[in-house]
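Residues per chain, in single letters:
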Amino acid sequence: MSEYNWLTIQEARALLARREVSSVELTRAALERIEAVEDSVRSFITLTPDLAMAQAEAADRMLADGNAFPLTGIPVQVKDVMCTEGVRTTCASRMLADYVPVYNATAVERLLRQGAVMLGKGNMDEFAMGSSCENSAFHPTRNPWDAARVPGGSSGGAAASVAAGEAVYALGSDTGGSVRQPAALCGVTGLKPSYGLVSRYGLVAYASSLDQIGPIGRSVADCALTLSAIAGHDPRDATSLPLKSPGYSLPGAGADNGDLRGLRLGVPQEYFAEGLEDGVRQAVEQALATLEALGASVREVSLPSTKYALACYYIIAPSECSANLARYDGVKYGYSYDGYSYDEKAAAGMWDAMEQTRRHGFGPEVTRRIMLGTFALSAGYYDAYYLKAQQARTLIRQDFAAVFETVDALVTPTSPVVAFPIGEKTGDPVQMYLIDVCTLPVNIAGLPGLSVPCGFVSGDSHPPLPVGMQLIGPHLSEQTLLRIGHAYEQATEWHKQRPPL
Amino acid sequence: MPLDRDQVIHIAALARIGISGAEIDAYAGQLSGIIDQFEVLNELDTTGVEPTGHAGELRAVMRDDTPAESLPPDDALSNAPRREGQFFRVKAVLDE
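These protein sequences, in sequence, are chains A and B.
Okay, so the first sequence: first residue is 1 according to our numbering, each after it adds one.
Okay, so the second sequence: first residue is 1 according to our numbering, each after it adds one.
Since the hints were derived computationally from the structure, they do not count as laboratory data.
On a predicted model such as this, the values are computed, not experimentally measured, just so you know.
Keep in mind that the hints are not guaranteed to be accurate.
[Said to hold, decoys possible] For lysine-lysine, the following PhoX-like pairs were computed, each having C-alpha atoms within a straight-line distance of at most 25 angstroms:
id : chain 1 : residue 1 : chain 2 : residue 2
1  : A       : K345      : B       : K91
2  : A       : K345      : A       : K332
3  : A       : K496      : B       : K91
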């Protein structure tokens with residue numbers, strides 16, 4: 001292990017700028033760390049060491065020529081849901097196990113244009129459907145804090161790689177909490193941007209009205225730097241907002257970081273309800289006290305439609321998924337069933353081939369969600385389920401709009417529980433869905449959410465496990481959330497803790 | 001249970017997923033358990049509430065209808081499970 005494995009983007013950037021380290025050295029250190037710990041973490045689906053070394057050499061030339069960007073030469077893991085030209089992109093599905101895109105996702109393209117170094121593609125729940133990374137068709141990822149536990153999901157590989165000292169930062173995607181929840185469970189920082197801020201071009205679609213790409217890093221400032229690089233209009237995504245990346249900046253070391261005077265924070269009581277683990281509640285309450293000490297005012301608020309969010313999400317997301325995943329037909333790309341006997345082969349028509357392809361290509365959770373969505377959209381049930389959920393969505397948005405009349409941001413737990421044992425919830429889909437209860441209202445309303453490490457829960461049966469605090473703000477309030485998170489981070493040491501790996 | 005075996009078979013057919021046998025009963029149980037959770041929405045008075053399709057701010061974005069370079073055929077076909085010349089190869093579409 002090298003100290004290089006634990007650098008933030010900001011620290012790595014400073015060392016690179018002073019030529020105290022080269023990108024090749026940073027990349028080699030990352031690959032050595034991966035070699036040492038990957039057997040126990042398994043955060044990657046595909047490693048790209050040769051590509052990474054070539055990119056590192058190119059980055060060192062950019063640095064030597066004085067053409068460096070903030071992310072030049074810094075090793076990153078990319079969740080395997082984003083298309084990478086020439087590098088297989090599996091979505092952790094048998095369906096795309098051999099799929100090699102011919103283009104880059106816009107977010108990836110923007111990192112590469114800055115001279116980023118891609119270490120490989122991150123493990124995830126299949127098609128980003130899941131909260132534990134156990135739905136990967138390849139292998140589960142393990143939590144760096146306790147190998148018997150899940151890293152969260154669906155961007156479990158992204159969060160685990162950053163927490164384990166493998167990647168400096170990672171790109172994940174978040175449809176119902178898939179960046180923030182694994183960040184919380186692995187003790188790192190994760191940001192889901194406002195809907196429309198980051199292009200979804202080249203992000204394999206799950207639920208298009210909810211999906212957003214977001215960064216996972218070791219600090220709020222690192223998330224700010226990454227977001228600055230990937231945000232902004234893209235003509236290739238019709239839902240991309242027509243604005244330039246504002247460039248998210250935070251006060252540097254030694255500056256007055258701590259002042260949150262005048263800032264009004266709301267604490268929605270509905271997020272501190274039944275099912276919230278005591279240790280999580282205590283950590284978040286302690287974090288609220290810290291935020292108050294930094295000058296923010298804290299008041300209780302209410303979001304009465306919160307109890308409908310889970311049902312709303314699990315109708316809307318599967319409905320959109322059933323339409324999006326209709327494209328996997330075994331014809332254009334991806335897995336195609338070929339298990340027919342000689343006699344069957346002659347007789348099997350197109351529809352049978354498609355049904356077999358989809359039966360064998362999709363795992364059980366993806367199949368469940370496609371069927372659930374197909375049901376909710378089917379004749380006779382559309383009004384009772386899909387339309388009703390869309391109306392609930394309106395009420396949930398209105399709740400948020402009303403509280404943001406009186407507060408600047410909300411503070412909640414990111415996840416009601418800390419990392420749970422592998423296998424504990426795989427038999428019961430509803431128990432697994434409840435893990436996202438604090439994060440999915442944010443996607444329903446299209447708002448930004450930031451998860452910041454805020455403590456640990458210790459127990460007799462497990463080592464200390466990280467807790468995350470979620471900050472939620474109005475549409476396009478990323479700068480405010482980053483400022484609050486950064487001030488909190490400067491006043492605490494939670495984000496600097498390393499797992500005993 | 002909101003979903004019986006026949007309904008699951010119908011949904012699977014609509015979704016073009018060829019599940020069979022014991023899988024059908026397993027999915028009927030699991031999907032019913034999830035759909036039970038949706039009942040909470042019936043408490044909600046949504047009379048006159050407009051549905052929200054997406055949380056974006058944009059509506060009906062159009063781009064200029066100008067020709068541009070598209071993907072070369074070999075690239076577009078590069079992931080095809082079966083191809084024949086410049087075409088995707090499929091099984092017989094028409095039933096006998």
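Verification of the supplied hints:
For the hint linking A/K345 to B/K91, the alpha-carbon distance of about 9 angstroms falls within 25 angstroms, and the restraint holds. As the CA atoms of A/K345 and A/K332 are separated by approximately 19 angstroms, the hinted pair is consistent with the 25 angstroms bound. With a C-alpha separation of about 57 angstroms, the suggested pairing of A/K496 with B/K91 is violated against the 25 angstroms cut-off.
Hint 3 alone, counting from the list given before, is not met by this structure.
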